[in-house]
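J.: Spelled out from the first residue to the last, the chains are:
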Amino acid sequence: MADQQLLDKIKAFEGREYGRVYAWDPVNAPMIRHWCEMMGITNPLYTDREFAREAGYPDIVAPPAMLQVWCMAGLDMENYPPGSTDENSFEVLKLIESHGFESVVAVNSDLKFDRYVAAGERLYYTSRVDAVTEEKATGLGTGHFVTVIMTYSVERAEGREDEKVGEQLFRVFKFKPAVRPKPETGTDSAIPKITRPRPGISDDSRFFWEGCEAGKLLVQRCADCQTLRHPPAPVCAKCHSFNWDTVEASGKGHLYSFVVMHYPEIPPFEYPNPVGLVELDEGVRLIAGLVGADRSELQIGQRLQVEFARFQDEELTLPQFRPVAQ
Amino acid sequence: MTLKKTRSIADVSLGESLPELAIPITVTLINGGAIATRDYFPGHHDKDAAQQLGSPHVFMNILTTTGLVQRYVEDWAGPLARFQDIKIKLGVPNYPGDTMTFKGEVKERDESEKTIEVSFAGKNSMGNHVTGSAVVVLP
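So the protein lines, in turn, are chains R and E.
Mapping the first sequence onto the numbering used here, position 36 (from 1) lands on 36, and the numbers just tick up by one.
Mapping the second sequence onto the numbering used here, position 54 (from 1) lands on 54, and the numbers just tick up by one.
Bear in mind the hints are in silico, worked out from the structure with no lab data behind them.
Keep in mind the model is a prediction, meaning the values are calculated, not measured.
So the derived label-pair ranges between C-beta atoms look like this:
1) ILE287(R) - ALA22(E): 30 to 38 Å
2) GLN52(E) - GLY56(R): 46 to 54 Å
3) THR133(R) - GLN52(E): 21 to 29 Å
4) ARG156(R) - ASP48(E): 44 to 52 Å
5) GLY74(R) - ASP48(E): 18 to 26 Å
6) GLN52(E) - ALA137(R): 19 to 27 Å
7) ALA325(R) - LYS4(E): 41 to 49 Å
8) GLN52(E) - PRO234(R): 51 to 59 Å
9) ASP48(E) - VAL324(R): 52 to 60 Å
Think of the CB as a built atom: it goes at the ideal place given N, C-alpha and C, for glycine as much as any other residue.
Okay, chain R solo, but in the shape it has when bound (with noise of 0.2 Å):
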């Protein structure tokens, strides 16, 4: 249940600023050549004085991606520097904290930049709490959606007004955990492994996977009346009768219909994501992912031929369809 006297409390936040938190130092050298060097980026701008002058800079300037990491307290997290203000600009979060929402994500960060920082400049931020909203559940957990803006400036010498050269906005969820951790056993990969649904398979449907495990198409047919049917059902829907054998189609159809699934993107689906309602040459209709299309190129009435795709180390073979000259 959200609580009401703490969604007050919390609420009352909003918009309250907070003073100067300082950078320890000053833009570098050593801290830029460290950060390019963990993010694999190479660009002179930000390692070549020489380079950084004839592009219009007065030194070497800060990998704008930077800006946040300036002001970052460090090691102990609540260590400001000198100067800096005495509140925390985060006590917001502390509050939240304190009802048991021990959890904390970071899910957007927008910085803009008024201009690139060069070497020798000292940064500070300013910040405002921009919004705290109600409770609110999601895969991680409930919690609360917090959106503080930071104001980014360069420090002046006396008599000069500082210069502000950016600014952040920087959401976090603080959060109760939806479950409780689980530790890990013995296994080597930390990746929860992402699956493809596997098909619901009954006594009238397991001859339909095991063909496809086999590599083949196979069809229902009613033993009497020979009609075929799919998707698989325990009676004729002609002439009613419960007895059935199958036979293995040749594969070949035409596009009936065909959707192109966009969003929502779930994994471990490729997006654009083309699924294709097939009329095979035989008369039946199933629905299989389309391979080797191109949404633009896919017509209906398009000849398309299936093949077989072993997936999740092979222990799932799905059909799947693939345009053909006509």
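Once you have looked at the hints, place chain E on chain R.
T.: Positioned in the frame of chain R, the structure of chain E alone reads:
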């Protein structure tokens, strides 16, 4: 080192795709990236701490993601393309052992301002780790 050429606005067409960039996600990248961005939050360098937080392993911090986004756009646009903004939204985490592949496209193109907006997505085996856009000024 041979210096890459910076694209001019005339070199870029609306709807143009950027080449894909696959970045292997390693403990070293997550760890080193966190420290290079002065982010000592334990979930980015201490596996035990990350597991206490409910993650299977250490996970990439947002400042490293921002840096990799800059690399992706800048590798394509060239060294003198000047960023006006970088806007990102995080999705699924980047864990060690995965690969994040960036795809991008030119979404806006302003001939008179010489600016382009690139939209991008960095996808790993679980889905999109990052989506967003960046505006750069071309010479």
